[in-house]
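Engineer: As a plain string of letters, each chain reads:
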Amino acid sequence: MSARDLQSRRPDGAAPYSSGQPAQLADVLERVLDKGIVIAGDIKIDLLDIELLTVRLRLLVASADKAREMGIDWWEGDPFLNRAAQQRELEERLKRLESAAGIESPSGGDSSSE
Amino acid sequence: MGTTAPSGVAWYVYGVVDAAAEPPAAPAGVARHVQPLTEGGLTALVSPVALDEFGEEPVRARLEDSTWVEEKARAHEAVLEAALGTGAVVPFRFLTVYRDEAELRNFLAARRDELLSVLEGVRGKVEVGVKAFADIAALERSVAGRSPEVAELDAQIAGAQAGRAYLLQRRRDEAARAESARLVAEIARDSHARLLAAAFAGTANAVQPSELSGRPGQMVLNGAYLVPVAGSDLDRELGALAEHYAHLGISFERTGPWPPYNFVPRDLGAGDDA
Numbered sequence: 001m002s003a004r005d006l007q008s009r010r011p012d013g014a015a016p017y018s019s020g021q022p023a024q025l026a027d028v029l030e031r032v033l034d035k036g037i038v039i040a041g042d043i044k045i046d047l048l049d050i051e052l053l054t055v056r057l058r059l060l061v062a063s064a065d066k067a068r069e070m071g072i073d074w075w076e077g078d079p080f081l082n083r084a085a086q087q088r089e090l091e092e093r094l095k096r097l098e099s100a101a102g103i104e105s106p107s108g109g110d111s112s113s114e
Numbered sequence: 001m002g003t004t005a006p007s008g009v010a011w012y013v014y015g016v017v018d019a020a021a022e023p024p025a026a027p028a029g030v031a032r033h034v035q036p037l038t039e040g041g042l043t044a045l046v047s048p049v050a051l052d053e054f055g056e057e058p059v060r061a062r063l064e065d066s067t068w069v070e071e072k073a074r075a076h077e078a079v080l081e082a083a084l085g086t087g088a089v090v091p092f093r094f095l096t097v098y099r100d101e102a103e104l105r106n107f108l109a110a111r112r113d114e115l116l117s118v119l120e121g122v123r124g125k126v127e128v129g130v131k132a133f134a135d136i137a138a139l140e141r142s143v144a145g146r147s148p149e150v151a152e153l154d155a156q157i158a159g160a161q162a163g164r165a166y167l168l169q170r171r172r173d174e175a176a177r178a179e180s181a182r183l184v185a186e187i188a189r190d191s192h193a194r195l196l197a198a199a200f201a202g203t204a205n206a207v208q209p210s211e212l213s214g215r216p217g218q219m220v221l222n223g224a225y226l227v228p229v230a231g232s233d234l235d236r237e238l239g240a241l242a243e244h245y246a247h248l249g250i251s252f253e254r255t256g257p258w259p260p261y262n263f264v265p266r267d268l269g270a271g272d273d274a
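These protein sequence lines map, in sequence, to chains A and B. The first sequence begins at 1 in the numbering used here and counts up one residue at a time. The second sequence begins at 1 in the numbering used here and counts up one residue at a time.
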């Protein structure tokens with residue numbers, strides 16, 4: 001899924017304060033994929049966080065560099081961009097997946113953290 | 001790994017509402033129908049779904065299918081939004097699926113107190129989204145009037161030879177970009193602070209890239225605010241902000257009301273590891 005696939009189909013120029021129009025897809029996705037209670041541990045079907053992460057990061061990472069450039073990267077609440085622990089966890093999961101799939105990590109096994 | 005339920009059916013859970021709540025006239029959910037499943041003072045809104053669509057393997061494949069993701073994500077949101085129309089609702093993350101009813105009932109019973117407390121916390125409240133957009137090019141053009149450095153360079157360029165003018169122009173453009181970035185950051189922080197003051201709670205989320213926002217201009221604020229369902233000071237504050245920053249080409253967009261996605265905890269209670 002690419003950013004282009006997710007592009008809003010709402011025509012431009014909608015009145016800024018009106019409601020009742022269909023929500024933009026990006027607004028829906030950032031809520032339902034990223035927010036809401038995660039029922040960890042009780043769940044019977046693994047929720048494939050890796051795949052969700054992929055979707056999520058494709059949504060959000062593109063904006064991070066640009067925002068940093070503009071000095072507006074101060075937002076809270078995005079654990080995947082802000083929480084180093086989560087990033088490390090993701091990297092570890094990725095490594096496990098890669099080793100399970102027999103793919104070598106491009107970073108060449110450097111396990112030191114920054 | 002696990003064996004699939006013999007029936008091939010699982011429960012998709014959208015979120016929970018009060019057991020006494022009038023069931024929402026729910027639109028079609030992720031599957032054909034939405035039904036209440038009540039256990040110990042709480043009602044989960046659920047849909048029976050086929051494991052060959054919502055099982056682990058099928059979902060993995062479908063997450064790459066943007067049409068499927070859009071359809072199901074919108075359905076998830078539509079059910080919660082309908083529930084919001086009749087009372088408090090605690091949204092669950094997209095793709096919360098239980099393999100069987102007994103497990104789901106066990107979960108609701110075991111986490112009853114935490115869920116009721118979260119429900120209580122969002123009662124009578126809704127989430128409103130506010131996004132601010134800046135026309136960066138216009139902003140850079142207009143900073144000349146507010147940055148002494150840019151104004152000084154403009155004056156030097158006017159009296160300079162071609163070669164030197166070119167170098168000065170590059171410095172001028174850089175200075176204008178920096179000043180515009182400083183201004184944008186200031187506007188975003190100020191807007192968020194003022195909206196936050198008019199709400200129970202608020203959070204500034206990562207801005208969306210413009211190919212997603214579907215709007216011209218760069219998003220500079222992507223905020224979510226928890227406000228009273230009956231109306232709030234937020235709209236007045238938003239109007240004031242829009243007026244205040246209109247001369248800088250900043251525009252605001254309000255979305256919602258949304259179920260309080262941004263104002264429920266990611267994990268329930270202290271027993272869970274993050």
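Bear in mind the hints are in silico, worked out from the structure with no lab data behind them. Mixed in with the good hints, there may be bad ones.
Claimed, not checked - The following label-pair restraints were derived from C-beta to C-beta distances:
| hint | chain 1 | residue 1 | chain 2 | residue 2 | range |
| --- | --- | --- | --- | --- | --- |
| 1 | B | Arg164 | A | Glu92 | 30 to 40 Å |
| 2 | B | Gly163 | A | Arg96 | 14 to 24 Å |
| 3 | A | Lys95 | B | Glu149 | 40 to 50 Å |
| 4 | B | Ala110 | A | Arg93 | 40 to 50 Å |
| 5 | A | Arg96 | B | Glu152 | 50 to 60 Å |
Where a beta carbon is used, it is the ideal one built from N, C-alpha and C, also for glycine.
Engineer: Against this structure, judge whether each hint is valid.
Structural biologist: Going through the hints against the structure:
no.: 1; hint: B:Arg164 - A:Glu92: 30 to 40 Å; in the structure: violated (55 Å)
no.: 2; hint: B:Gly163 - A:Arg96: 14 to 24 Å; in the structure: violated (58 Å)
no.: 3; hint: A:Lys95 - B:Glu149: 40 to 50 Å; in the structure: holds (48 Å)
no.: 4; hint: B:Ala110 - A:Arg93: 40 to 50 Å; in the structure: violated (27 Å)
no.: 5; hint: A:Arg96 - B:Glu152: 50 to 60 Å; in the structure: holds (57 Å)
Hints 1, 2, 4 from the earlier list are contradicted by this structure; the remaining hints agree with it.
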